[in-house]
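Here the protein sequences come in this chain order: A and B. Take the first sequence: its position 152, counted from the start at 1, is 152 in the working numbering, and no numbers get skipped. Take the second sequence: its position 117, counted from the start at 1, is 117 in the working numbering, and no numbers get skipped.
Don't take every hint at face value.
Listing some non-contacts, in silico: residues in chain B with all C-beta distances to chain A over 12 Å [claimed, not checked]:
(1) A172
(2) I197
(3) L203
If we take Cβ atoms under 7 Å as the criterion, some of the chain A residues that face chain B in the derived model are [as the list claims (entries may be wrong)]:
(4) G58
(5) C59
(6) A66
(7) P67
(8) R70
(9) D72
Calculated directly from the structure, the hints in this document are not laboratory data. Since we're looking at a predicted model, the values are computed, not measured. Glycine included, C-beta positions come from ideal geometry on N, C-alpha and C.
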Amino acid sequence: MIFSMLVFSLMVAVIFNFSFPPGSEFIDDAAAGIIWMTFIFTSLLGMSRSFVREVDKGCMQGLLLAPIDRVDIYISKMLINLIFIIMVEVVVVPLFSVFFKINLFDSIGALSAVLLLSTLGFAIVGTLFSAIAVNTRTREVMLPILHFPVSIPLIICAVQATNAVMAGQAWSVIWPWLKIIIAFDLIFFLVGYLTFEYIVEDS
Amino acid sequence: MKAEGSFAITVAGLTKCFGHMYALRQVDLAVKTGEFVTIFGPNGAGKTTLIRILSTLSKSSSGEVSILGSSPAKEPESIRRQIGVIGHNTFLYEELTAAENLKFYGKLYSVSNLGQRIEESLAEVGLSARAADRVRTFSRGMQQRLAIARAMLHDPSILLLDEPYTGLDQHAAHVLSEWLSRLRKESRTTLMVTHNIERGIELADRIVVLRNGEFVYDHLRKGVSAEDFKQIYNDLVEGKPGKHA
Ligand SMILES: Nc1ncnc2c1ncn2[C@@H]1O[C@H](COP(=O)(O)OP(=O)(O)OP(=O)(O)O)[C@@H](O)[C@H]1O
Ligand SMILES: [Mg+2]
């Protein structure tokens with residue numbers, strides 16, 4: 001899983017590297033968008049599979065039968081999705097930095113905060129929706145369809161914050177975006193926390 | 001609650017409907033602690049639906065259910081800890097080995113002495129030699145054996161078995177019966193669904209027949225031979241209404 005996610009995002013990175021001539025001014029403006037587009041598609045690819053393995057042999061029922069809090073299933077799935085996406089980002093971000101000749105290491109702290117908190121939001125929403133999508137007939141299509149409209153605010157903030165970080169702007173410019181991202185994370189974690197039990201419950 | 005002390009499972013007026021379709025209609029059942037009850041019934045009678053409600057996987061539409069004094073709606077976790085369930089699915093991860101599957105579930109149930117317990121269970125179902133093989137490479141019967149080991153891993157006091165003999169060969173079926181009869185001596189309560197009349201009768205203290213979401217037969221096994229019961233069962237499922245035990 002992590003492997004196919006990695007391959008996919010490396011491919012995207014390489015393709016974009018070839019589509020822009022080095023040093024083109026356009027890159028500065030587009031880089032944040034390109035980076036996030038890569039991560040969004042990569043995370044959807046990974047997260048769409050997160051419950052498939054559970055439903056195939058009825059393992060989900062096995063989990064539901066266990067004397068555990070059902071929300072723990074959600075949190076574990078969400079954390080493992082988060083870890084997978086972060087692992088991909090750790091490999092791909094330096095690559096982008098090289099390809100696009102943007103120095104990201106001066107602002108590594110701010111960049112990490114933006115990446116981590118935004119990715120957390122994607123994992124929170126994506127895990128919840130993949131639990132819903134896995135029970136529909138068109139699993140693979142359903143996740144993006146559910147995920148995109150809901151995560152648009154997150155995507156906008158993530159791109160803007162990343163832009164600000166890459167342009168070397170002050171923390172005071174980045175922080176307002178980050179605040180919205182944190183609020184998004186909290187709200188949707190609460191939604192997942194409260195609804196997951198009903199999502200996985202059978203009729 | 002104390003009055004129910006001698007009953008492990010009590011069900012009163014249990015109804016389950018899917019849309020307009022009734023899977024269970026006003027079902028009553030009381031299973032004593034240590035009792036072994038076998039449920040027979042034609043396809044679609046509602047047997048699996050009943051097992052799923054008792055195992056907290058599914059919610060009833062109306063009626064009362066109590067398992068060891070707890071209600072599935074209010075205290076599902078304490079029930080889940082004490083039941084061992086075999087269902088239509090094996091609940092096994094194909095990409096994990098037999099031992100890994102048991103380890104995973106054992107952790108979920110906080111089984112103590114897990115390593116030793118896994119070895120014992122695998123030996124019990126005759127899979128010790130395949131412990132390190134992926135479940136994907138197992139035959140249907142082998143997967144069923146592992147599903148049985150999985151259900152017994154945490155030493156549950158109530159067994160809810162939905163067609164546990166599915167896919168087992170003669171020998172494995174015999175081993176399962178032996179195991180179940182040994183467990184029964186340790187005063188475990190068992191509710192088993194099966195289509196195999198010989199196997200179902202051999203172990204049962206009590207036999208019930210579910211048809212169309214209703215119990216149409218409920219009788220102590222003592223004094224009922226497999227031959228007699230086959231006759232009774234055929235009469236019942238061929239649908240002579242109003243025939244009650
Ligand atoms: N999820 C569901 N949605 C709608 N109807 C269902 C559902 N599950 C079961 N039913 C219906 O409830 C009835 C009882 O089904 P159930 O699975 O309990 O039968 P069963 O006695 O276990 O049969 P079998 O011997 O084939 O396993 C059937 O008519 C079935 O169509
Ligand atoms: Mg069934």
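Which numbered conditions among the earlier hints are violated in the structure presented, ordered from lowest to highest? 8, 9
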